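Put together the whole structure using the sequences plus the hints.
There are 2 protein chains.
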Amino acid sequence: MLLRIASLFLLAFWSLQCNAQAQSLPKNLILMIPDGFGPASLTMARDFQQATTGKMQLALDEFLVGNARTYASNSRVTDSAAGATAYSCGIKTYNGAIAVAPDGTPCATLFEAAKKRGLKTGVVVTTRITHATPAAFSSHVPRRANEDDIATQQIENSGMDLIFGGGGKYFIPKEAGGARADGRNLLLEAKRKGYALAGNLAEFHQLSKLPAIAVFAPDHMAYEVDRDPTKEPSLAEMTEKALQLLQKNNPKGFVLMVEGSRIDHAGHANDPAGHVHDILAYDAAVRKALEFARRDGQTLVVSVADHETGGMTLGRDGVYQWKPEALAKVKNSVDTLAALAKKPGADVVALLKEKTGITDLTEEEITTLKSEIAAAAPRFAFTLIHIVSKRSIIGWTTDGHSAVDVTVHAYGPGTYLFRGNHENAAVGQALAKAMRFDLKALTKTMFK
Amino acid sequence: MLLRIASLFLLAFWSLQCNAQAQSLPKNLILMIPDGFGPASLTMARDFQQATTGKMQLALDEFLVGNARTYASNSRVTDSAAGATAYSCGIKTYNGAIAVAPDGTPCATLFEAAKKRGLKTGVVVTTRITHATPAAFSSHVPRRANEDDIATQQIENSGMDLIFGGGGKYFIPKEAGGARADGRNLLLEAKRKGYALAGNLAEFHQLSKLPAIAVFAPDHMAYEVDRDPTKEPSLAEMTEKALQLLQKNNPKGFVLMVEGSRIDHAGHANDPAGHVHDILAYDAAVRKALEFARRDGQTLVVSVADHETGGMTLGRDGVYQWKPEALAKVKNSVDTLAALAKKPGADVVALLKEKTGITDLTEEEITTLKSEIAAAAPRFAFTLIHIVSKRSIIGWTTDGHSAVDVTVHAYGPGTYLFRGNHENAAVGQALAKAMRFDLKALTKTMFK
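Protein chains in written order, with our numbering: chain A, 114 to 561; chain B, 114 to 561.
Simulated from the structure, these hints should not be mistaken for laboratory data. In this text, all values refer to a predicted model and were calculated from it rather than measured experimentally. Built from N, CA and C at the ideal position, the CB exists for glycine as well. Some clues are possibly wrong.
What the hints assert, rightly or not - Coverage of chain A stretches by chain B, computed from C-beta distances (three or more under 8 Å per stretch; other residues unrestricted): (1) 146 to 156; (2) 186 to 200; (3) 507 to 513; (4) 532 to 546.
Claimed, not checked - For the chain A half of the interface with chain B, some residues (derived, Cβ under 7 Å), not all of them: (5) G179; (6) D430; (7) Y433.
Quick look at the structure:
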């Protein structure tokens, strides 16, 4: 009898403990979004890294747990606004919607729930801060193009403790070189509210407390492949700095959203070098987040893209190969290459040799390049970069997005919530659940 | 003191039990290979199912656990031979290699290890049985084109208990309408060895014991979209029958390989209807395997593709949408459509209206179709099917394979071995580990 009671006790204890081990939850959340990063982007970056450094493993490879369906409420192919709202609010909405439901009413975000409970919040991006992804965590507007409104809400309402990125122009009035029509200078207003401001790398390094804003460009920051490290920090440097500041004197925890923003822009431009270098810069930021989470033990790191961009494929035209070694010779983004090629007097053949390592241009390619430069053809950048893609045996099918499921990566307490195949909105709900946020209830309280 | 000892005991007990729970291993293995099934194929089939039936979940969605890297030892883009050898032997090898190492020496397979231990083995495919994927589990040849040799080894050496599929031609001499040069009739030899033979659906249904061979066509079985259910069974029917026969009077267990073979062929042909219907037929077979494993409790089911085919994307040309509703109107594979269109007197415009629901052909499309038919242009089938893909907003970049990581799905005891991102060879090694097979040692014993 005693034995039987003891064994029952043991069984109960064991099942409780196994459950507890599997289901502990985090204090901090680092949500990382590689914008426009499809399944082929993961293979591409790993193969490129292997070809250039010999290393077989990305940080992203260490914690892959599933994938996510990305469609929007009004299309099987999402945009970044609906894609980000799925994660910030845990709902499906229409393309263009920034943290509003299909009926246009605001939905409470992870950030709003975090502030309600006294946690700190922050965004680290390389686009304009008012771009769709960060906007969906820090504002509510019916159309993503309303960037004046987004900027106003980000400074007036969101209460974000940390904002690092490009794109100050919607914070500054037209008269002062910005893009705002209403004459307000939101950066000065933020300063008056107590934000520390940084506008260059030296000021960024000096930031030592929150709240803080660092803005490195009037528009997007540079593509990683073009970046001047004396002028702009890397995404990994911004992520590391953000984690230092958020951790400091902060007993309640934080929610940080880090976006590898321009992976997407390179996809839109069908630019394989821009794409792969921004992915590797993102992967380095992921590594910083993982290192933090491993030290800290109370932090959940989730990486999940909003959608794929470009319809990129490794291999094309019946060839059973692709060539990261050829891609490694490309020294600039297509934006920079096209601008250089269009300069008066530029020699496009010599330029491509110097900047992309291509020495086998066909007569037909040279003729097309030259005639498109002469005609100022809008397609010129695509013509040029498709010549580069062909040498690396990379295909593209669109300058927009595609519907393929994206990979989900999770590490730390709460990881079990992200295993398997999920709707993107369910990933958002799992993020809220991991942090014990009730976004539905909060939406009612705040907006109904 | 007593309390401390008791708590130490509890801790040890708990950690042992949690481990044991996570690490129990299977008696049976069902390895399912959707040939040429990329990440976009999963999204495609789910969206198509949702659009046509309202159901949001594929069988494959229920047990996704990670993804696999597919490159071969001599290329970043694998073929099906090297891809299948990664799973059958747990090694990376060169494109074209059927269960041989890069140096050409044979590598012991899961099937050889299974037979050694008295387990039953079988293959269920819809290609020729001598095609690369089933061949890599049941023969060793340096080049996949050696299908005479493959057939000989399959009947003479492999000891397979169950063979269901298409493609009897390499088992039958030229004189008898087959493809063998050596005059042997391997099917008759198999019969003499004790195999039950089925050559049509009625005989297939009558099969009641092992060993058994069912061959439904001289070459590949039909694409699912073209299949006549009175002539050929579905992949799900073959899988269900195989599991019944393998389970019967079998205390030691089995290893069954089921291939969704022609998903790949449709990818090569850039045929979206062929692709999606073969995926859904595969998913139905996966559901049969999962149902068996759930009842049985001792069976590991793993689904993993060998590679992606076609560079397929859902969305193209800048459109943020794709249309399974349009694809659902397509009633035949491109092979059938092109054959019908090329018949003397056929009206390609009327044919496309009837068989694909396309009523908005442009003048340019009609001119191209008609002139290619008249000229017997080899590209005609691609021209025709790209017109179909365009209506569904589906892109393709190749008639070959691409390098993207493929999804891995696992259910049952041993699932923990497959979580995360793995090399395809490591997936093969994990399959062996789950079954307690030592393929390295067996390779030495058998071949060195």
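These are the hints, each one checked on the structure:
| no. | hint | result |
| --- | --- | --- |
| 1 | 146 to 156 | holds (count 5) |
| 2 | 186 to 200 | holds (count 5) |
| 3 | 507 to 513 | holds (count 6) |
| 4 | 532 to 546 | holds (count 3) |
| 5 | G179 | holds, 6 Å |
| 6 | D430 | holds, 6 Å |
| 7 | Y433 | holds, 4 Å |
The structure shown violates none of the earlier numbered hints.
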